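Student: Turn these sequences into a full structure, and let the hints steer you where they fit.
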Amino acid sequence: MSPLLEIAGIGKSFGAFRALSDISLAVEEGETLGLIGPNGAGKTTLFNVVTGFLRPDSGAVRFAGAPVDRLPPEKRAALGLVRTFQKAMVFPALSLRENLAMAARQRAGHGLRWLGARTCHAEADAKVERLLAESGLPRGGGERMADLSYGEQRIADLLMALALEPRLLLLDEPTAGLSQAEAERLLRIVRRHDSRTALVLIAHDIDIVFGHCDRIAVMHLGRLLRTGTPQAVRADAAVRAAYLGSLAD
Amino acid sequence: MGYAIVQVLNALSFSALLLLTGLGLSVVLSLMNFVNLAHGAFYLLGSYVAVLWLASGAPWWLAFPAAFLAAALAGALLERFPFRRFYARPHLMQVLLTYGISVILADLMRWGFGAQILTPELPAALRGVVFLFDMPFPLYRLFLIGVGAVLGLLLWLLLDRTLWGAALRAAVTDRGIVETLGIDTRRLFAAVLVLSAGLGGLSGALGAGMLAAYPGLDEEVLILALITVVVGGLGSFGGTVAGALVVGFALTFSKVWFPEFANVVAFSAMAGFLLLRPHGFVAPPLRQV
Amino acid sequence: MRRALLSRAAPMAAALLALALPAALAGPFHLRFLAEILLLGTAVMSLDLLVGSGGLVSLGHAALFGTAAYAAAVAALHLGGNLLLVLGAGTGAALLLAALMGVAIMRSSHLFLLILTLLLGQIAWEVAFHWRAVTGGADGLRGLPPLSLGPWRLDGPRALFLLAGGLALAAHALARSFVAAPIGRALVGAREQPLRMSALGYSTARIRLRAMLAAGGIAGAAGSLYPFLNLYVGPQSVHWSLSATMIIMLVIGGVGSLWGAFLGSAVYLALQTYVSAYTDRWQLFVGVIFVLIVLLLPHGLAGAAARWRRG
Ligand SMILES: Nc1ncnc2c1ncn2[C@@H]1O[C@H](COP(=O)(O)OP(=O)(O)OP(=O)(O)O)[C@@H](O)[C@H]1O
Ligand SMILES: [Mg+2]
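Chains as they are written, first to last, in the UniProt record's numbering: chain R, 1 to 249; chain Z, 1 to 289; chain H, 1 to 311.
Hint data in this document are derived by calculation from the structure and do not stem from the laboratory.
Bear in mind that the values here come from a model prediction, so they are computed numbers and not experimental data.
Mixed in with the good hints there might be a few duds.
Partial list, derived from the structure: chain Z residues whose beta carbon lies under 10 Å from chain R [claimed, not checked]:
| hint | residue |
| --- | --- |
| 1 | R287 |
| 2 | Q288 |
| 3 | V289 |
The beta-carbon is built from N, C-alpha and C at its ideal position, and this holds for glycine as well.
Tutor: Below, the structure written as structure tokens:
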């Protein structure tokens, strides 16, 4: 069986600055991969390349056995390659329920329907209720997104991604700015959702990454330093020098 | 050969006019993120002032500073109210406000200056033609090309090479920080708008010798200037120069080659350009994701 | 349930009354005038789909309206004034142009979109102005046959008014269903967070294309009837200044409310008709009122009315 996501030889420059050089990486079905690295290492840029928001200068991305290099972001999302953004990217003026329904409708293939709106809305609403109940958010769903707390917005942001029922979910610092308890709750929601969903998790919080991931990839200055189990990565000298340094000691 | 050169010069003189008008627009757009659709009105005001001045018998060359001052004064008044309140508003609201203002100004000018076409009495020094390769070419257009190049250069030096320009660009990036340095950004922005309005008036004075002055010209010029700035990529100096050349040459040569469908061809070329480059010539490298 | 029914029936009844009263009482001049308000209002309402929901400020909307008007007039001149034929020809032409515009604006936004739609609209105007053999050039087309539907002639002002009213009601219902449907929500989403929409699997290009088609179809239907008010169509109906006027009407009425479009076109046309009888400075009036509304009532008259009703 080929891996779910296969990245080979990705390179990306912004002008003279090399943000990514020769990144190769594979993610298996159902696994949780942690992606760590200091600020500016190129983690978000890698997500952007994988999800089609940026075109790489070189290299190839395969998803579920097929090349996706020529597909725009929305087509990749439709295949189940779903991401969140480093900043919570929600629709602040819309209600919480409408935010989630936007994702649910698209997942059901009704995103652009005009006729038969009533059934589409009913279907989406049912799904949104399920998601909201599952999430444990103490919210009815009618409140404006902008009025929610930051932590709740991040959970809603995640729920939107989950509403798409992804095969691979790329989470860009979903726990940044959250309290320990909120972060744990958010990760529980992810895990509970679907055990077959593969997960790539960017986080700066070492405890979270080492505690929740099967494997860890470390990036530094646009290169992939090391990929391996948490123990192996923790023990790696190059990683310690580049990144963990004082943190690991 | 001579014919081709004359047409190129024609295109250049038109580009020079577009550049001057477009620069006024792009300066406020790039430096203050403000869309000023009343710019066409400043232009036309400058044209009228110049026409009246040249008819009055006063020294002719003072017509240009007079037009600059008149439009700058109008700009200063409008800056205090209501433009100032809209600097931080979305582009759509700025477009609406300034378009409304331009409707008012257009009717006020029609009231004050009449509805007929006014052509300036050019001084002897700028009248007549010169012969280039045995082809007659209006002297005034050469004058326009020269003035356009010189003024463009001066403006570039002012904004790009002086401390004032640096403070301005810094204020655009982060108003708060510049204010903590003790620079009054309100005055800075007011100065830019007044300068831009004055430029509009000055280009109107210069353009009057080519396009005359009449009600409705404000909108025509505004649209062309807007196309220039948009094709150039909204507000970088080099972009506006490129935009002025594209629009000037497209409009001139489509008239030469396709006299019947000149505008269709020219507009199609510009639209096609915007299809290929949806963010214009010089797109700022903004990080989106 | 009964309340919901009532709250939906009440505006409907009010609208029908608003149509029935003038139909019974108004004279021919006013009926024509009201019909014009309704037709232009319908076009402005379709613009509201783009501007209000999508944040897509088009300066080429008159091109859709005017192209439909020309297509309908040409069809009527050659094949007679059958209502369905005229509506079909006009709406079809507008849909074609809308498809073109929709494809063109796929990757543009803000001022770029404004200028791109302006350019496309002006190309349509140039064609209308210079293609004398078909469009009559600057003179436009005169001597259109009156509208008819089977055995009925629809040429009196009352028939035209009722026709325009029926069209406006139908168009309003369509526009409302569009806004409420998933596509309408997606249009709002693409305005608010285009990147997130792509990440959710939406194609913003297709959203825009559909919005443009819906708006173009509605504007086209209104444009198809427009020439028959005065049995004349001229290039002014395609010109960008009419597009700008539509935006003014929309802002006066209230962006995003749909029904405000009718209010805005009524106010504008009333100013144009009545103030211009007293003074040459009616454009000054329009400008001042417009600026005051932008300054004081950012949601237009409809927004003010809604606020007032809520207390
Ligand atoms: N669109 C862009 N244009 C120019 N430079 C960019 C762009 N996107 C990213 N960069 C640069 O590439 C480098 C890597 O950025 P990236 O956001 O991928 O880092 P990161 O690992 O996600 O860092 P952080 O932990 O701070 O989020 C940075 O130096 C950044 O400035
Ligand atoms: Mg990042």
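Student: Next, verify each hint and record whether it holds.
Tutor: Against the structure, the hints come out as follows:
1. R287: Status holds, d = 9 Å.
2. Q288: OK, holds: Q288/Z within 10 Å of chain R, min 8 Å.
3. V289: It holds, given that the least Cβ distance between V289/Z and chain R is near 5 Å, below 10 Å.
Against the hints set out earlier in the document, no violation occurs for any number.
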